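Each residue of the sequence shown is one higher than the last, beginning at 0 in numbering that gives the first Met the number 0.
By construction, these hints were calculated from the structure, which means they are not laboratory data. Just so you know, not all the hints are guaranteed correct.
Straight-line Cα separation of at most 20 Å, SDA-like style, residue types lysine to any residue; simulated pairs [to be verified]:
1. Lys87 <-> Leu52
2. Lys213 <-> Leu52
3. Lys87 <-> Arg110
4. Lys213 <-> Arg110
5. Lys87 <-> Leu41
6. Lys87 <-> Asp69
7. Lys213 <-> Arg223
8. Lys87 <-> Val276
9. Lys87 <-> Pro25
10. Lys87 <-> Glu48
11. Lys213 <-> Pro25
12. Lys213 <-> Phe287
13. Lys87 <-> Gly46
14. Lys87 <-> Ser39
15. Lys87 <-> Phe287
16. Lys87 <-> Arg26
17. Lys87 <-> Val67
18. Lys213 <-> Val276
19. Lys213 <-> Ser57
20. Lys87 <-> Gln42
A quick note: this is a predicted structure, and the numbers were derived from the prediction, not measured.
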Amino acid sequence: MVVEQQEFHPDLARAARVLPRGLVGPRSLRVIRFVQSAMSRLQRSPGIEVRALPSGGSVRIIRPDDAVADAPVLVWMHGGGYVLGQAKQDDALCRRFARVLGAVVVSVDYRLAPDQPYPAALDDCTDAVEVARRLDGVDPDRLAIGGASAGGGLAAQLALRIRDRREAPPVLQLLVYPMLDDRTGFDGPAAIERGFRMWNSRSNRFGWSGYLGKADPLQVSPARQTDLSGLANAWIGVGELDLFHDEDLAYADRLRTAGVPCAVEVIPGAFHGFDLVDPGAPVSREFFRSQAAALRAAFG
0 MVVEQQEFHP
10 DLARAARVLP
20 RGLVGPRSLR
30 VIRFVQSAMS
40 RLQRSPGIEV
50 RALPSGGSVR
60 IIRPDDAVAD
70 APVLVWMHGG
80 GYVLGQAKQD
90 DALCRRFARV
100 LGAVVVSVDY
110 RLAPDQPYPA
120 ALDDCTDAVE
130 VARRLDGVDP
140 DRLAIGGASA
150 GGGLAAQLAL
160 RIRDRREAPP
170 VLQLLVYPML
180 DDRTGFDGPA
190 AIERGFRMWN
200 SRSNRFGWSG
210 YLGKADPLQV
220 SPARQTDLSG
230 LANAWIGVGE
240 LDLFHDEDLA
250 YADRLRTAGV
260 PCAVEVIPGA
270 FHGFDLVDPG
280 APVSREFFRS
290 QAAALRAAFG
C-alpha cells in the first residue's frame, strides 16, 4: 500500500498539487452530476451513433475513419465510482482506440447508482455486448471488454457473468485501475489517505454502498469471487499511488493462480485516473500505448 512519503511521478506532480483527494460523497453527488451534465451539453461529438438498450441504458458507437469489414470491437465502460459519469466523457479516448486499432468501439452509457443499483449497470453492459456482436462490419469473435475505475469493475463483473452463462468469452478484459473490492478503504491509516488523489476511502465506501444497494457483495464484488477459473485473459494497469493498487494486484495474482493469463502494469507515482486528468503527459501516453498493444495482440 502507498505511504505518504512516496513522491508523485514527475509528469503528474503539478496536477497532484491541486487535485482533490476524494471526488464524491452524499453531499457533493448532486452538484458534481450537475456540473458534468452542463459540460456534456457543451461537448460536440459528431459522427457518433447512439442506440438505446433494452435494459434502459444506451451505447455510443464509434467507428474508425478507415473501417474495414470484420473489424474487431471493444465494449468500453466509463469510470465514476458507479455513481458518476457518462459515456460521452470518454469520446476522445474511444476515438483514439478506434483510430489506433482500426476497431469499432461501443461505449456504454450505463445507469448509475444509487438511483439504479446493482444489477442495472451490469445489465446495460451485458446488453451492450449483444449489440456489439451484431453490428455490421464487426467480427464477433474478436470482441474485447474494458473500462476504467468503476468501468473496469464492470468489465470484470461482465467477464464473470459471460463465463457463468457459458457464452463466447471476450478475447481480453482490459481492466484500467479497476474498482473490484467493496472492502477497500475500511482500515487505511490517515497517512496513507493523504497520498491519494481523485478517489479515497470515503468516496469508495459511498460508491460501493450506492452500487450494491441491497445486493449481497459476495455475489457482486469480483474480488470476493472464489472461482476465477475460465475467465477471459486480462490486462490490469494501475498507479502506485492509487487506492485500488493493492486490490488490483491481488486480483491479478488470483487470476494467474486460477490459470488465467494476466498482464500487469504498475505506474510509479501515478494517482487514480491520472491518464484522464492529463492525457497529454508522457506517462499517460505510454499508459495508453500499453493498453492498445494488449488489445492489438488479443485481436490478433
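Outcome of the hint check:
1. Simply put, Lys87 and Leu52 have alpha-carbon atoms about 16 Å apart, close enough for the 20 Å limit, and the pair holds.
2. With a CA separation close to 24 Å, the supplied pair Lys213 and Leu52 exceeds the 20 Å bound.
3. The straight-line distance between the Cα atoms of Lys87 and Arg110 is roughly 13 Å, inside the 20 Å bound, and the hint therefore holds.
4. Taking the CA atoms of Lys213 and Arg110, the gap is near 17 Å; set against the 20 Å cutoff, the hint holds.
5. The suggested pairing of Lys87 with Leu41 holds, with an alpha-carbon distance near 11 Å, which does not exceed 20 Å.
6. The straight-line distance between the Cα atoms of Lys87 and Asp69 is roughly 25 Å, outside the 20 Å bound, and the hint therefore fails.
7. At most 20 Å may separate the alpha-carbon atoms for a hinted pair to count; Lys213 and Arg223 meet this at roughly 16 Å.
8. A C-alpha spacing of about 15 Å is found between Lys87 and Val276, which places the hinted pair at or below 20 Å, so the restraint holds.
9. As the CA atoms of Lys87 and Pro25 are separated by approximately 24 Å, the hinted pair breaks the 20 Å bound.
10. Between Lys87 and Glu48, the direct Cα distance comes to roughly 12 Å. Compliance with the 20 Å bound is thereby established for this hinted pair.
11. Among the hinted pairs, Lys213 with Pro25 is consistent with the structure: their alpha-carbon atoms are about 18 Å apart, no more than 20 Å.
12. With a C-alpha separation of about 36 Å, the suggested pairing of Lys213 with Phe287 is violated against the 20 Å cut-off.
13. For the hint pairing Lys87 with Gly46, the CA-to-CA distance comes to about 13 Å; that is within 20 Å, so the pair holds.
14. For the hint pairing Lys87 with Ser39, the CA-to-CA distance comes to about 7 Å; that is within 20 Å, so the pair holds.
15. About 18 Å separates the Cα atoms of Lys87 and Phe287, which keeps this hinted pair within 20 Å; it holds.
16. With a CA separation close to 24 Å, the supplied pair Lys87 and Arg26 exceeds the 20 Å bound.
17. The straight-line distance between the Cα atoms of Lys87 and Val67 is roughly 24 Å, outside the 20 Å bound, and the hint therefore fails.
18. Among the hinted pairs, Lys213 with Val276 is inconsistent with the structure: their alpha-carbon atoms are about 33 Å apart, more than 20 Å.
19. This hinted pair does not check out: Lys213 and Ser57 have alpha carbons roughly 24 Å apart, beyond 20 Å.
20. For the given pair, Lys87 sits about 8 Å from Gln42 by alpha-carbon distance, which is consistent with the 20 Å threshold.
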